[in-house]
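Visitor: Listed here are the chains, written in short residue letters.
Number of protein chains: 2
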Amino acid sequence: MPAPVLADIREAARRIRPHVHRTPVFTCASLDHWLGARILLKCENLQKVGAFKIRGATNAVCSLGDDEAARGVATHSSGNHGQALALAARTRGIPAHVVMPHDVPAVKKAAVAGYGARVRYCEPSVRAREEALAALVAETGATVIHPYNDHRIIAGQGTAALELLEEHPDLDVIIAPVGGGGLLSGTAIAARALSPDIRILGAEPAGADDAIRSLAAGHIIPCAQPRTVADGLRGTLGSLTFPILREHVECILPAGEAAIVEAMRFVWERTKLIIEPSAAVPVAALRESPRTCAGLKVGIILSGGNVDLDHLPWVTETR
Amino acid sequence: MPAPVLADIREAARRIRPHVHRTPVFTCASLDHWLGARILLKCENLQKVGAFKIRGATNAVCSLGDDEAARGVATHSSGNHGQALALAARTRGIPAHVVMPHDVPAVKKAAVAGYGARVRYCEPSVRAREEALAALVAETGATVIHPYNDHRIIAGQGTAALELLEEHPDLDVIIAPVGGGGLLSGTAIAARALSPDIRILGAEPAGADDAIRSLAAGHIIPCAQPRTVADGLRGTLGSLTFPILREHVECILPAGEAAIVEAMRFVWERTKLIIEPSAAVPVAALRESPRTCAGLKVGIILSGGNVDLDHLPWVTETR
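These protein sequences, in sequence, are chains A and B. For the first sequence, my numbering begins at 1 and goes up steadily by one. For the second sequence, my numbering begins at 1 and goes up steadily by one.
Derived by calculation from the structure, the hints in this document are not laboratory data. Please note that the accuracy of each hint is not assured.
For chains that are exact copies, the list does not tell them apart, and a pair is met inside one copy or across any two.
What the hints assert, rightly or not - Restricting the straight-line Cα-Cα distance to at most 25 Å, the calculated cross-link-like pairs of lysine to any residue (SDA-like) are:
id, residue 1, residue 2
1, 108, 312
2, 108, 310
3, 109, 29
4, 297, 270
5, 109, 270
6, 109, 315
7, 109, 28
8, 297, 311
9, 109, 266
10, 108, 32
11, 109, 212
12, 108, 269
13, 108, 29
14, 109, 269
15, 297, 213
16, 108, 309
Given these sequences and hints, build the entire structure.
Guide: Structure follows, in C-alpha cells:
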C-alpha cells in the first residue's frame, strides 16, 4: 500500500470534519521576539482529547468497513492515542479495547475509561502488553489501530497542517515534533504537496533522538533508553513513517531538557495556552537553533495540552 | 459627569481598536456539562497584558489632551492595571508611574517594569500606597488613572461585552467578576443597551463580598479584610461603579475559595486556557448556584490570565 498523498489527507479531512475541532492559529508578539521569527501556532492542544491524536484515530475508525468496525478497535496506548481511539470508537458506536499496564497513573486510567473504553490491565512490560493485546484480538476480533505506523493515522494527522496551510499558504517553514513520526509524516505530505518550496523540519528531544540518528544512519534505530520530560515523544520511527520523513524532511532539530521546560513555561506565560512538554519541543528546538529560521514565517504544530497539573516540570525537574 | 452610555463604549472601542486584541470566544462541551448551561467564554486572558485592563487603560490614556498626556500617568495597582497603564502609556509615548506594594508576585513586578513603567514600591497598606501616589503626582504632575472609579475606564472595560454581544446577541445572561466594579459596570451598560432583556450578574469571592453587602445595604461597604485567592477582586466598589451596578445588576453571586480553585483547575484542564483565580470566580459561582442559569446561554467575561506559575493555588492552598 503506497504512502498517503494529499488526496488521502483531504479525504481524511472530509471524513473527520463532523467529529473534531478545526483548531485556531495563535500568534504572540513576545514569542516572535523570543525566537526571532514570525511564529504561527496551530493549536492542537485545543483539539478534542487535548491532542492531534483524535484526527488520526477518527480517520482510522471511520475508514473501517461496517463488519470490521462492529468487532471494535484495540490498542495498547494509555496516553493520548488510547484516549483518542476510545473517543473515536464511541463516536462511531463501536467498542474500543485498551490494554494498559496496571501501574499507569490513575489520571490516565480515568481518562481512557471516561471515554468509554474497555480497559484490560497487564504487567508493565512490552512483552506482557503485546501478549495481552494479542489475546484480546483473538477473543474479540477487534482491529488493532497502531498509534502511528498506519497510513490512515498518518493521513489523519496531516489534516492539521492542511488547515494551517489553507489559512497561511505563505509559510516558509513548518515544524512538528517527532516521536513515532505519524504527525510529522502527515505534516510533511500535506506541506510538500501544498507548498512545494516549504522547508519541513522536525523537532525531537535530545534525550530521545532516535529519529535524528535513524535519518543519519539511513535505517531505523530504536529509541532504547529515552530520557525526556516529553513523554509523548519516546516512540521509535515505524516502517511506514521512516521513508516519508526521509523523503521530505530537511532535518530534525534536537531540544535539550532544560530548553523544553523553559519553552513550555514561556508559552504558558505569554500565550496563556497550556501545552504539554512534547508540544514545547519545536519551540525549544528553534530557541536552541536560532539561525535555522531567523526572520522567517514558521508554522508550529502545537501537538497537545495534556499535562498533570500536580506535577509540572518546573516544579519537579530538580527532584 | 453622567455615567457612560453605549455611545461612549462604542467610541472607546473605536479609540482602542488599533492597540488591543479583539479576543476570541471559546466554548467547551465539558464546561457546559459541568455548569448545566451553554457557556461562552470571552477570553480576556488572551488580551494584551493578559487581562481586560488594557481596554480601560488605553481608552483613558488616549482620551487625555496632549499637554496633560505629556506629564504622564500614574496609578497604584497590584498588577494588571499597572501593567495595562504602562503599556497604554508606552503606546502613546508618555511616561507611566506605578506605585505598588513590595510584596506583589515577582511575575507582576517584572511585567510592569517590562512595559517600561517607572515603578515606586511602598508598604502593603492602603495608606502607604496613597501617600506614595500623592507624592509622585506632586513631583511629576502626572494624571492619576484610577483602576476602576473613572468613566473612561468603565467605558473601555465595556468594550469586551460589546464584542461578545456583537457576536452572540442572543445571550440570556452575562456575568463578570466584581472587584472595584469597573468591568461589571462597563459590561452592564453595554449589555443592557444592546440586549434589554438580558440578565446581568456579577460574581465575587465570598471572602471579599463587599459588593454583595453594599448592594444589599444600599451604600458602599468597604472591603475591609479580604480573604481570597482571587487577588484581583479585593477592591471596594467606587462612587461611580456602585450606582451603575445598583441600576443594572440583578444580583452578585458569591464563590467560595475551594470552588474558585476547583473552577480554575477545571478550566485549565478542559479548555487548556490559563486563567487567573479572579477569572475563575464567575465559573465557580455558577457551579455553586447551579439553578441560577440552568439551561441558559451564558456569556462569561474571563477577566485575565496572569498567574504566578510557581505558586498555583492547588499546590499552595493547604499552606
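Visitor: All hints, please: hold or fail.
Guide: Do the hints match the structure? See the list:
no.	hint	verdict
1	108 x 312	both (15 Å within a copy, 21 Å between copies)
2	108 x 310	both (13 Å within a copy, 23 Å between copies)
3	109 x 29	between (36 Å within a copy, 20 Å between copies)
4	297 x 270	within (19 Å within a copy, 30 Å between copies)
5	109 x 270	between (30 Å within a copy, 15 Å between copies)
6	109 x 315	both (22 Å within a copy, 21 Å between copies)
7	109 x 28	between (33 Å within a copy, 21 Å between copies)
8	297 x 311	neither (34 Å within a copy, 35 Å between copies)
9	109 x 266	between (28 Å within a copy, 17 Å between copies)
10	108 x 32	between (32 Å within a copy, 21 Å between copies)
11	109 x 212	neither (31 Å within a copy, 41 Å between copies)
12	108 x 269	both (24 Å within a copy, 11 Å between copies)
13	108 x 29	between (33 Å within a copy, 19 Å between copies)
14	109 x 269	between (27 Å within a copy, 14 Å between copies)
15	297 x 213	neither (27 Å within a copy, 53 Å between copies)
16	108 x 309	both (12 Å within a copy, 22 Å between copies)
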